[in-house]
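Participant: Residues per chain, in single letters:
There are 4 protein chains.
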Amino acid sequence: MFANRRDVMIEWGDCDPAGIVFYPRYFAMFDASTAALFAAALGFNKSEMLTRFGIIGIPMVDTGAKFLVPSKFGDVITIESRVTAFRRSSFDVSHHVYRAETLAIEAHETRVWAGRDPEDASRIKGVNIPPQVQAAFAKAHPVT
Amino acid sequence: MFANRRDVMIEWGDCDPAGIVFYPRYFAMFDASTAALFAAALGFNKSEMLTRFGIIGIPMVDTGAKFLVPSKFGDVITIESRVTAFRRSSFDVSHHVYRAETLAIEAHETRVWAGRDPEDASRIKGVNIPPQVQAAFAKAHPVT
Amino acid sequence: MFANRRDVMIEWGDCDPAGIVFYPRYFAMFDASTAALFAAALGFNKSEMLTRFGIIGIPMVDTGAKFLVPSKFGDVITIESRVTAFRRSSFDVSHHVYRAETLAIEAHETRVWAGRDPEDASRIKGVNIPPQVQAAFAKAHPVT
Amino acid sequence: MFANRRDVMIEWGDCDPAGIVFYPRYFAMFDASTAALFAAALGFNKSEMLTRFGIIGIPMVDTGAKFLVPSKFGDVITIESRVTAFRRSSFDVSHHVYRAETLAIEAHETRVWAGRDPEDASRIKGVNIPPQVQAAFAKAHPVT
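Chains as they are written, first to last, in our numbering: chain A, 1 to 144; chain B, 1 to 144; chain C, 1 to 144; chain D, 1 to 144.
Chain A on its own, in the form it takes in the complex (with noise of 0.2 Å):
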């Protein structure tokens, strides 16, 4: 499956009093890590998607990662982003992040395909994901 890689400079104001990472910061970072992935699949970015796709987000319902090895401010680490299913209005994305050649962590994330609920404008509601976005996914070769 179609995979994107993308580097990450761990930057001071990311890192905590013991000089590591805040872990909440490498969820923002997965979270741009699947913009980054549909960007490089679909050949356009996330705020063009979701004009084009007339859907207001990707929301997260189910996500985990399990932190393998300590990154600190100066690293750079490398995530490396593949869609791993895609449902009818769902799809999982998996992260994998290196810190050299070392595996640092290994990330899982749902997400929903989502429109505004026509009967309640104030409410998310899953919509299909549209064939032409999987059909990018399967034609997109890995850039590395």
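Keep in mind that the hints were calculated from the coordinates and are not lab data. You may find that some hints are simply not true.
What the hints assert, rightly or not - For lysine-lysine, the following DSBU-like pairs were computed, each having C-alpha atoms within a straight-line distance of at most 35 Å:
| no. | chain 1 | residue 1 | chain 2 | residue 2 |
| --- | --- | --- | --- | --- |
| 1 | A | Lys-66 | A | Lys-139 |
| 2 | A | Lys-72 | D | Lys-139 |
| 3 | A | Lys-66 | B | Lys-72 |
| 4 | C | Lys-72 | D | Lys-125 |
| 5 | A | Lys-72 | A | Lys-125 |
| 6 | B | Lys-139 | A | Lys-139 |
| 7 | D | Lys-139 | D | Lys-66 |
| 8 | D | Lys-125 | C | Lys-66 |
| 9 | C | Lys-125 | C | Lys-72 |
| 10 | D | Lys-139 | B | Lys-72 |
| 11 | C | Lys-66 | C | Lys-125 |
| 12 | C | Lys-139 | C | Lys-125 |
| 13 | B | Lys-66 | A | Lys-66 |
| 14 | A | Lys-66 | D | Lys-72 |
| 15 | D | Lys-139 | A | Lys-125 |
| 16 | C | Lys-139 | D | Lys-139 |
| 17 | B | Lys-139 | B | Lys-125 |
| 18 | C | Lys-72 | D | Lys-72 |
| 19 | A | Lys-125 | D | Lys-66 |
| 20 | D | Lys-66 | C | Lys-125 |
Said to hold, decoys possible - Beyond 12 Å from chain B on every Cβ pair, some chain D residues (computed):
| no. | residue |
| --- | --- |
| 21 | Phe-2 |
| 22 | Val-8 |
| 23 | Pro-17 |
| 24 | Ala-18 |
| 25 | Ile-20 |
| 26 | Ser-89 |
| 27 | His-96 |
| 28 | Arg-116 |
| 29 | Ala-138 |
We treat Cβ as the ideally placed atom computed from N, Cα and C, and that holds for glycine.
We have chain A already, so just place chains B, C and D on it with the hints.
Facilitator: Just chains B, C and D, lined up with the frame of chain A:
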């Protein structure tokens, strides 16, 4: 088992362009909730806890969350936290988030009671959880 | 002029590897403090304020802060906020942060009372501050 | 004077419910930009800088920003940073943010070159900026 509850106001800056909480912010709230749980059981705050027990932190090794109901800015959520297991140098925490009476998020954590590695001060190492920590939880009564 | 005071606990995740607050976190606290100031004067929260007055936010146009004394995790700071000037479609706020009795930070903000531009919905535009907003501040008594 | 430029992609998680950058996020970007500026001038990163010069950080004492044009998620901004003054133990930095060709933000900072207070290790104290730091900036050529 002893549980601690605290209310958190969802702020403008916690929310994303879809108007709901940007999920990494929940993990920051959970980190503060675990600190509040230990403070409630021990009777002193996390800063004091690190100093008294000579540890550098309680870093996360495994966490996950299921997001059942989104919250938006202006909402007040209640986070109920408890230790679900103590082991030699690690422990598990669960967080249940309620919005009004509805269960909105279920999250779990495994953390390490961590000191500096005596053989390499740049490294972090699990150390024994002092018996008085577990005893404090056994004696503590819910704060509601 | 009406002032609102609130206490903020400095959390582990607010602090950097030097063990003191990562200063962008203070600006997030100030954003919430301005929301709390308006909520205290108006009697309803910011979410309700946006809905009632038909605005999309109160975006920042100019801000600054002098950091006199650092705070570290476990500290409780008091943020005292007041509106220092109302103009047609903008206003000024000051924040004074105290740690114990010591003035720790002085900050100021200029914000716009902002709606969607009627000629281009993708743009933001200053709109007149309703007279009842300023009246609410004139009538409000300090919350201490 | 030597300037460093870097591009920053505005991510979903940087933006608020109005769809524009939550301004405290800009300060986090500026903190990383100042680190990048010193790295570009010195030839090694901030982590190495702290170790080599025996300091604990370069904490902020005064900062301010004028927000002229809002940015939204999917935008790429360019942050141009330079040191505008070196003093004995403090220095000034300016950041100019451009979106396309338009000046979007003007910001300034005063920071301290800070070590541990030798008389009280829990306190931070300005120390002399080593001459080779200022020399590195004098020799450096713009990275564009």
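Participant: Return the numbers of the hints above that this structure violates; sort them in rising order.
Facilitator: Failing hints, ascending: 5, 6, 9, 10, 15, 16, 19, 23, 24, 25.
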